[in-house]
Amino acid sequence: MVAVTIITGICLVSVFISYIAFRKGFTKNADDYFVAGSSLGYFVLIFSLLASFLSAFSMFGMSSFGYRLGYGSLYVLTANLVPLGFLWYFMHKKTFLLGRARKWMSMGAPFGERYGTAMRIILVLVVLVASIPYLVAQIQGIGVMLEAMSEGIISFHVGLFFVPFFIALYLMMGGMKGAAWVNAIQGVFFSVMVFVLFFFVMMKNGGFIPTMEMVIAKHPKLFQIGWAGGKVWSYPMIFGMAAAMCLGCVCFPQPYMHAYSSRSVRGFKAMVLAFGGICLVVITMPTLIGIAGTIIVPGLKGVQADKIYGLVASATMPDWLAAFAVAGGFTAAMSTVNGLVFGNATNISVDIIKIIRPETKQSDLINIARIFVGIIMAVCVVIAWNPNTPVAELSVIAFGTVAVTFFALWGAYYWERATKTGAILSTLVGVGLNVTFFLVGGKKMVLFPQESLFNLNGFLASFIASGVVFFVGCYLTQPGRIEEKSLKLFFHQSLTK
Amino acid sequence: MESTRKKKNNLIFLTLFLVLTVLCWCPVGYGSYGEVAMIFGMPSWAFFMLVFGAVLFVLEWIYLFWTDLALYDDDLETIMTELEALDEKELIKEEV
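If you're matching them up, the sequences are chains A and B in order. Here the first sequence is numbered in numbering that gives the first Met the number 0, starting from 0 and rising by one per residue. Here the second sequence is numbered in numbering that gives the first Met the number 0, starting from 0 and rising by one per residue.
Hints may contain errors.
[Said to hold, decoys possible] Below, computed lysine-lysine pairings styled on DSS-like, alpha-carbon distance capped at 25 Å:
1. A:K93 to A:K353
2. A:K484 to A:K353
3. A:K92 to B:K6
4. A:K487 to B:K5
5. A:K300 to A:K442
6. A:K300 to A:K203
7. B:K5 to A:K93
8. A:K92 to A:K102
9. A:K300 to A:K23
10. B:K6 to A:K23
11. A:K300 to B:K5
12. A:K92 to B:K7
13. A:K487 to B:K6
14. B:K5 to A:K92
Because the hints were derived from the structure by calculation, they are not lab data.
Please build the complete structure, drawing on both the sequences and the hints.
Here's what the structure looks like:
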């Protein structure tokens with residue numbers, strides 16, 4: 000019950016913080032509600048972006064990955080994210096500058112101005128579809144851990160409603176500013192708690208090196224790449240997962256929303272730089288905790304391994320501290336649901352509803368976004384009802400799917416010859432292939448290298464096909480009036496630095 | 000002259016970023032299948048991957064905050080003025 004009390008407390012504090020944002024009038028108009036009036040300082044930006052990405056996947060999923068698949072898991076979400084420092088800078092520098100000049104509020108705005116309304120709407124739908132498995136992974140992770148920590152008092156299915164209810168409440172009230180404040184506080188909290196848990200887990204067996212020596216004696220394959228006959232952590236598998244996660248991060252709504260919300264260039268740069276550096280340290284910890292977990296709580300399989308984070312906490316810490324450690328994982332999941340649901344609700348409201356009904360008032364747009372927060376959350380709870388795919392795999396599928404919008408984004412900002420047709424075709428082909436691979440061969444076809452795909456995994460094959468279609472499509476078609484007109488803005492000489 | 004120097008420096012940084020990105024995304028050149036040597040309790044390839052990540056982080060930090068190649072707050076006002084002026088001109092043209 001200690002864990003449940005602490006988690007409920009965190010939920011209530013989050014709602015209270017958001018209520019303060021609401022009471023202070025930070026949600027009065029659309030600009031305030033959706034992009035916090037471009038007023039966020041660098042500390043809030045850094046931890047809000049961090050928390051909006053680090054999730055049940057980073058804590059529960061990565062410890063589960065480490066537990067089941069060993070050190071190769073480090074390529075999924077640690078050093079492979081450090082390139083985001085320059086990738087985000089180059090890809091979203093114009094998002095920041097043009098967003099400020101043009102008062103953009105959603106991620107569809109740059110696509111709309113560069114390629115037209117069709118691409119704007121397609122992008123929103125693609126990002127929504129790609130976000131669903133990732134959101135489901137968070138809600139599923141919350142349900143699994145809540146059941147484990149309450150020792151069955153709160154069942155998995157009740158847990159599915161418990162935290163999402165609070166998240167929907169504080170998102171509806173506080174808008175971007177409230178969400179960013181909550182995210183920042185939660186980000187600091189789970190970063191600290193993962194260090195504390197790492198310390199306790201490693202000290203149980205006399206320190207990090209003695210612990211790893213015990214693990215290697217029992218499970219040597221966890222320290223290898225190319226095991227299971229070269230199938231697990233082969234070079235193509237590692238490259239596929241590392242690239243999917245990193246490129247997916249470029250294309251999800253969070254960097255757009257945070258770029259629009261940044262008060263200064265310094266804040267924007269600090270945010271894009273710090274993310275990779277913090278991930279390098281903070282996500283390495285749960286992965287190593289999972290690996291150490293193989294000798295502390297042996298024998299977990301599949302979805303059950305998602306509980307390892309909570310189980311090693313219970314096995315190595317006093318009850319109250321274990322509850323805080325797991326609550327850290329909960330806050331990570333909450334902040335990601337928060338960031339992603341908010342981003343998608345904003346996209347639907349601003350990029351679809353406003354386009355269909357241009358006369359919609361700003362106050363109505365805010366209310367529509369609030370309604371979609373509730374709808375998206377409810378859909379995810381329904382899908383999470385019967386979990387059969389572990390959190391980590393669900394997340395990689397989501398990142399891989401959204402990454403196919405990378406070429407359209409790059410073309411919008413850096414290639415004058417990019418055309419609407421090329422952008423639309425490349426996005427549809429990329430997503431279509433990802434979905435087809437999933438339907439034909441299941442998660443294995445998307446995640447693991449396939450001989451039929453020249454030893455690439457489904458994501459990489461889709462990504463490459465998407466790129467080829469983009470370039471061929473753009474060369475075979477002529478830029479239309481919208482593309483021509485957009486060049487003056489997107490390639491203005493002041494943006495060249 | 001100044002612009003050539005900036006282009007050259009940009010190219011150097013970009014090349015370093017790309018090489019280190021490949022190393023952070025795949026153990027090519029520093030990993031091998033099967034048994035491995037250990038460094039500080041972890042496989043040598045995992046240790047090197049973390050080191051490459053740290054080096055890339057430092058290089059990005061230098062590029063973003065310690066060179067004249069990146070954007071700074073001092074540039075922001077000028078850029079916004081120019082972009083907003085462009086916007087106004089476009090609006091006027093459309094009205095005509």
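Hint check results:
1. A:K93 to A:K353: At roughly 23 Å apart (the allowed maximum being 25 Å), A:K353 and A:K93 satisfy the hint.
2. A:K484 to A:K353: OK: A:K484 and A:K353 at ~22 Å, within 25 Å.
3. A:K92 to B:K6: 18 Å, holds
4. A:K487 to B:K5: Within the cut-off at roughly 24 Å; holds.
5. A:K300 to A:K442: OK: A:K300 and A:K442 at ~17 Å, within 25 Å.
6. A:K300 to A:K203: Roughly 23 Å separates the two Cα atoms, so the pair holds.
7. B:K5 to A:K93: 19 Å, holds
8. A:K92 to A:K102: 15 Å, holds
9. A:K300 to A:K23: 48 Å, violated
10. B:K6 to A:K23: 47 Å, violated
11. A:K300 to B:K5: 54 Å, violated
12. A:K92 to B:K7: 20 Å, holds
13. A:K487 to B:K6: 23 Å, holds
14. B:K5 to A:K92: 18 Å, holds
Checked against the numbered hints given earlier, this structure breaks hints 9, 10, 11; the rest are met.
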